[in-house]
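Visitor: Residues per chain, in single letters:
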Amino acid sequence: MDYILSLLVFFPAVAAVLGFIVDRDNIKVYAITVAAIEFVISLILWMAYDPTNPGFQFTEYLPLVPAYGINYYLGVDGISLFLVVLSTFITLIGFISLTVEDNLKNMLISLLFLEMTMVGVFVALDAVLFYIFWELSLVPMLYIIGYWGSELRIYAAIKFFLYTFFGSLIMLVGMLFLAYLYYMATGTISFSIPDWHRLVLPFDYQVWLFLAFFLGMAIKVPMFPFHTWLPYAHGQAPTIGSVILAAVLLKMGTYGFVRFSLPIFPDASIALITPIAFLAIIMVIYTAMVAYAQEDMKQVIAYSSISHMGVIILGTFAMNVEGIAGSIFLMISHGIVSGALFMLVGNIYDRRHTKLLSEFGGLAKVMPKYATIFGIMVMASVGLPLTIGFVGEFLSLMGFYKISPSMTFLGGMSIILGAVYMLRLYKTTFFGPLTNEKNRNLPDLDGKELTSLIALTAVVIWLGINPNPVLKPINNSVESMLELMEKKAVTKEARELLHANTVKLEAK
Amino acid sequence: MEKYLYITLFAPLVGSLFAAMFGMKPKKLFVGIVASLLLFISFISAVILLVHVASTDEVVKAQLFDWITVGSLNIPFGFVADPVSTVMMVTVTLVSMLVHIYSIGYMEHDEGFNRFFSYLSAFVFSMLVLVMSDNFAGLFIGWEGVGLCSWLLIGFWYHKPDLSRDQNPSISPAWAANEAFIMNRIADLGMLIGLFIIYWHIGSLQYDVVFSHVNLFDISIITMMGIFLFIGAMGKSAQFPLHTWLADAMEGPTPVSALIHAATMVTAGVYLVVRSFPIYSQIPEIGLWIATLGAFVAVFAASMALVNTDLKRIIAYSTLSQLGYMFVAAGLGAYWVALFHLMTHAFFKALLFLGAGNVMHAMDDELNIFKMGGLYKVMKWTAAMMIIASLALAGIYPFAGFFSKDKILEVAFDSHHYILWFMLWVGAGMTAFYSFRLIMLVFFGEERYKKYGFHPHEAPWYMLAAMAPLALLAIVAGFFEHSFEEFVTTLLPEYHFHMEGITKVALIGLTTLIALSGIGLAVYKYSKGGFSEKWKENPIYKLLYNQYYIPQLYDKLFAQPYRELSQIAWKELDLRLVDATVDFIAGIIYATGFKSRVVQSGNLSKMLRWMVIGLLILLVLVVLYSPVR
Amino acid sequence: MITLNHYLVLAAILFSISLVGILRRKNLLMLFFATEIALNAVNIALAAFSKFYHDLTGQLFAFFIIAIAASEVAVGLGLLIIWYKRTGNIDLDTLQSMNG
Amino acid sequence: MEPIRVSLESLNLVTLYPMLIAVAGGLTILIVDLIKENLHKSLYVMLSILFLLLDLGALIGIQINTRGFFDVVLVDGIAFLSQAIIVVASMLFIPLALTSKRFHEFSLPEFFALFLFMVAGFQFMVASDNLIMIFVGLETASLSLYTLIALHNRMKSFEAAIKYFTMGALAAGFYAFGAALLYGLSGSVEIYKIAEVLTDRGFEPIWVVLTAVAFMIAALGFKLSMVPFHTWTPDVYEGASAALAGYMSVVPKMAGFVVAMRLFEFLIHSDLVWVRDILYLGVVVTMTFANIVALVQEDVKRMLAYSSISHAGFVMAAIMIGTTQANVGLFLYWILFLFTNLGAFTMLWISRHKSKIWHDRFDHPYEKFSGLVQIMPMAATIMAIFMLSLAGVPPFSLFWGKLYIMGAALNAGYIVLAIIMALNSAISAYYYLKLIVYMFMRDPVNVDGQTIYFKNASLSLRTIIGISAAFTILATAWISPLIEIITHYVRASGF
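Residue numbers (my numbering), protein chains in the order written: chain A, 1 to 508; chain B, 1 to 629; chain C, 1 to 100; chain D, 1 to 495.
Don't read these hints as lab results, they were simulated from the structure.
Some hints could be false.
[Claimed, not checked] Dumping the calculated DSS-like pairs for lysine-lysine here, alpha-carbon to alpha-carbon at most 25 Å:
{"#": "1", "chain 1": "A", "residue 1": "LYS448", "chain 2": "B", "residue 2": "LYS27"}
{"#": "2", "chain 1": "B", "residue 1": "LYS451", "chain 2": "B", "residue 2": "LYS525"}
{"#": "3", "chain 1": "B", "residue 1": "LYS28", "chain 2": "A", "residue 2": "LYS369"}
{"#": "4", "chain 1": "A", "residue 1": "LYS369", "chain 2": "B", "residue 2": "LYS27"}
[Claimed, not checked] If you want the footprint, here are the derived chain D segments under chain B, 3+ residues with CB under 8 Å:
{"#": "5", "stretch": "164-174"}
{"#": "6", "stretch": "273-284"}
Don't be surprised by glycine CBs; every beta carbon is placed ideally from N, CA and C.
Excised from the complex, chain A in its bound form (with noise of 0.2 Å):
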């Protein structure tokens, strides 16, 4: 149990490495069996994470390069756990939906590698740890996209690649300046996150290094105006690479808001609340428009995503236990429901081997089983209650009602534009008369198909209707890095804010 995290982390990679062996044929069950081992490890992490308990569990620490303060830090919180969960259960799914033909082996190597870096940057509590995670998941993405993908992939993938490995220089810049702060502070060189989160920094330093973390982060994200990458990215990746970038590398840079930026510059942090809750809402409003525009299903819902990444940024820049934590369930619930759509993209392409709407319309009688599905993700996209979308929705927002009510009604948006763009793809694909003789009689979604989205929609309704078991931890975790930040804030502003952000009665 001690190393669990280290099991979790460095199993797929062996898994890879040992796959080379596997012969062609049997490499997809190979991978599916290593997939499920790790996600069933992953459920093992849950069972055993104790949710009373917000610090960090399960930690393991080994120095890697002493005379740095660079460490083999490992440990899970509320916060993290269930990314975890998310990214091997993502993977796995990903893997029974796979449908590539040419050259799966590397591919499914590639994913393998791909999902230790992805569990690795959530469970890592080094920020060189971190950071080596976090660069190293580009790579079998650029593979990924530059070899499996269409027309553009080269370029896509450079484009993803480069953009993303410039914004994280600049934070990974920041991050040895805050290290070298630390040895300022204290005398002894550290690049442990716990050790950050209790240093406590003068307001201008905040500024810039937030500033640095931030570019890191809001390109990953991506946040407006750094998103053209992710259109690209997601238009020219084959299916598997945009589920899993949609489901699980978007939200290491959500996720790098909430371990690093919050908690170790919170007066920056809430001194910088109004412009990025701007860039959020232009996310959310601005995207929103462009996806409606789209001519290609998968850009549609590329484009949803970002608008829904906006969402989270507001939750998380709440400062408030409801905001925040309503944003790290919206991370999950938009990685199962975003995943789910492109899969399902996925899906209609493998039959026709297009993804234009025009070329669609009327599927409903036709693939009956496939249009329910759709729909009833469509709907958890839209944040129907009793969905696992409206609980992160629903909290995001009112958590970031307390912080500006004007803004919230303009994030709210979402609500209303997600159901226009969402509503008019379904109706187009779905709805009319069956037009494209082509459709006239394409195959329903099939066994394969079926038992991942029937998973994907189990989670959706059960976290929909019971979404504690979550919430609780998550709940703890950041309570307990709430009370850290206001204890630490140094404006005056950040305290108020901090200690008023929670519910009161005020009697007239």
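Once you've looked at the hints, dock chains B, C and D against the given chain A.
Guide: Then chains B, C and D, alone, in the frame of chain A:
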């Protein structure tokens, strides 16, 4: 008693899921029967609850488990059966049960038979969640749930193509469905904000907590709560300016219109206002505003109904205007009256719609009332029941409408809002006129359908049987006024009339007079072949006929600009500006690379020159940039 | 009376001459000569300094430079000859098969 | 005049042994060749490796901070480190002679003799703070190097040699002039004495001092290929054999860095701001310019040439920063760079093909590598890893170097510099990716790959690749001990 609570609530869900299992299979009769049976069970237990609550003034509460628990927010799946909700439950389950039975016949030949029942039962479930929940969040669940089901049911015949507005005023079922959903979403945002306000000030969304603390707050805050909650109500109850979807929603199968868009869902807004009376009774000016809007809608919708030729749309508009009446009552603080009218209206309006359904069947889905006429001969029962319903709607003694609707007018007059009263009074006249215009054109006069080659027939007995109870209720419901009043006023505030008998009688007289004259006019005119054609040239007629051009206006004002804007946002901003900038920077760097290659000319003497130049630069710097100590 | 400065000036002048030669000359041989001049300029300077300081290190350095210059010439001429054998001329502008 | 007695103890020849061994090795090889004609190259290779081993042994025998041979030779920490690096690098290089294809330079004993002399030269260069000694060592090394390049025996390599030689001669002139000026200013050629004198005199006359420094910067700038003294680098790398190019990208620069450290150390720490600013400028220009030009190269080797220029610039920053951490970073970075870059160049060397089937000018155009992963996945993966490491993608070796030097920059307050470094790494990622893109995301242009790719491979080359790859991939494990060792030595010599 919780047991009954859960039975009432979950029986429809079971029915829905059961039907869903056969959703993609060909029609199975038993699916419909099972669903109806389950609804019957649910109805029975609802009645039991009603009796229980009525007899022992205790409120039945039940909590399933916690839904969302974060920070200081705790939302349980909690349900309550108090006078208000029990009344709603009974109404909802009763009407739905009848509609279910009716649908077995109505949807007979539709391949979506099983699907239809799963949607319909799902709707009932959501509606019950809406009315039974003991907190605002739960209400919101039901609120969105009914929205979803109405989306599904309006778009039930999704395969129909989009037509232009003049071919089909509500472009297509799918279109209408989306319109309804999105319009409701707009309102829901308002409602969500309302919930946020409540939460951040009171720290809970439980009715009892909220209502017990609400009076602690500064009036402005309560006003905000009231306004935003009412915005939500406007969406569901299709109040102006969010009303256009209701008429278009008539694209759905008629039973749906009967159940969702007449009897139950659209009244959810009224229910919300009634339910949160502790908030609204604190802020009478908002109440007045609501009442005014209601009165306006009452007349506005009725006026559109006057000229419309579409069987179902006429009834839809009348629903709209009746909702207006209810809001007047609710707004003026006569909550129980609003609730009462809600109930009676549910009965006779559902009846009216189901009758319309029979007619449509008879005329194989023809809706233009000018192609009908003289149907009385072939479908006496339907005709009879529709007449009853219309009389009730028009508010003629002793039909249910008389008691509930006249009460509303009395309230308006009694609270000295004479203008409102007058509007409602006019509205009553219009109501009487258009309902009997409809009756006349459909059932009496020359048999125009013959030239269109229709062969109408009476509906099967069980469909009529399903309508019978409603007809009965449309007649007698009014007489329960007093028992109803004292029952619901155990929770709701009473409304004290303080005007002496004579004015009361006078009012009733006036109302009945205008109603009768409306009926008279309709009967007189249309027995004589109706108004002359030149009316159609009249601008007012055009205006009314085109619903005041509001749908077109919305198209021009919102839909098209949004479409164009988003095109610009994508093509111009995102691709041309944001993305281009990124590529531009990269391009610059790359281009610089090409430029810089000249340094590497490969010519040795040039290379040497570079070295010397480098040295010279250094030496120059020695001179120019003298060291700063 | 000739002072240290005169020597230094001379050295500077020689060095500049060599630089000019390096810049202007297109003939490989001349280039080598130019570099030699540069080194000799340095030698003069060094000799002068060592006289000035009454310290032999400078002259030592000068001797080393002479030796190195000699070996440079050896290597340089070797390369030059090969090049001449292959191409038949020793014009600088012929060596630009590699660029960019 | 009475005779001067020199006691051998005072000479302390131990300090001289490493170089002497190398020279002796060179001579031995020549003699062996005299005794018996046309021996196989493997013999020479093994002999050289043996002598280099002895060299290393002798080096380890010396205790730190001892002067010897009339105090001309100084073996302090950095001298020790750099010599070790030089010798090890040479040992890694020599086996590259055992190619499966025949390149005639390797059959000549002179090649190996010259090589060993060169090593000795570099060792002299680093193991002394005496301007004369440095100059001698530098020239010894350079002259042998010119010849080695020329020995590759094709027009390109002659051109390269001549270019290198001519510019080298000019650089030598600069060095000599600078040295003369310093001597003139201080009356001494020992750097530490010069430092003392100048510091006492408060660097007056200031402009003369700066002129001297300017000349020195120019001279060393040539060795370290700093812009604009870098122009020889790409051409020479292109002309030389890939193996030698790899060697050149590492060892001479190492020597250059050490000299630069010795020479500029006291200037940086003096209040003579000029030097620091000029170096700052040079560093930034070098990094950026080289990166930008590298973007547009069509030939992998040339690209690597530019990339190594920019890496050199990156490391020069360490000297400019001048803190202990920075100097440690310098050595750390260079050791990591040694393995990665040697690996990369060896990959080129392996894939070297005598006839120009790919491109009329280049041996290693990008097209050559397209679709490599489908023909030989292992090789492609390794090459990709080298590229990623050069780009500074964690956890591969160079990431740690960058991390450490950027950290040093920040700790010394050079925040802007650190950001510039970051940006440069981002830019450089593009051209490294380009190769990866070709290898992984394109289809092979040539069908019967096996026959064309890696004609040149042989056991020894593979071994070298293996070693470098292992070192690059598992860098994370070495970093900590490496840093400790380096820090110990750098501290010992007070840098």
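Visitor: Taking the hints in turn, state whether each one holds.
Guide: Consistency of the hints with the structure:
1. For the hint linking LYS448 of chain A to LYS27 of chain B, the alpha-carbon distance of about 28 Å lies beyond 25 Å, and the restraint is violated.
2. For the hint pairing LYS451 of chain B with LYS525 of chain B, the CA-to-CA distance comes to about 22 Å; that is within 25 Å, so the pair holds.
3. A C-alpha spacing of about 19 Å is found between LYS28 of chain B and LYS369 of chain A, which places the hinted pair at or below 25 Å, so the restraint holds.
4. For the hint pairing LYS369 of chain A with LYS27 of chain B, the CA-to-CA distance comes to about 17 Å; that is within 25 Å, so the pair holds.
5. Counting residues of the stretch 164-174 of chain D whose C-beta lies closer than 8 Å to any C-beta of chain B gives 5; at least three are required, and the coverage claim holds.
6. Chain B is given as covering the stretch 273-284 of chain D, and this holds because 4 residues of the stretch bring a CB closer than 8 Å to a CB of that chain, at least three being needed.
When each numbered hint is compared with the structure, a violation occurs for hint 1 only.
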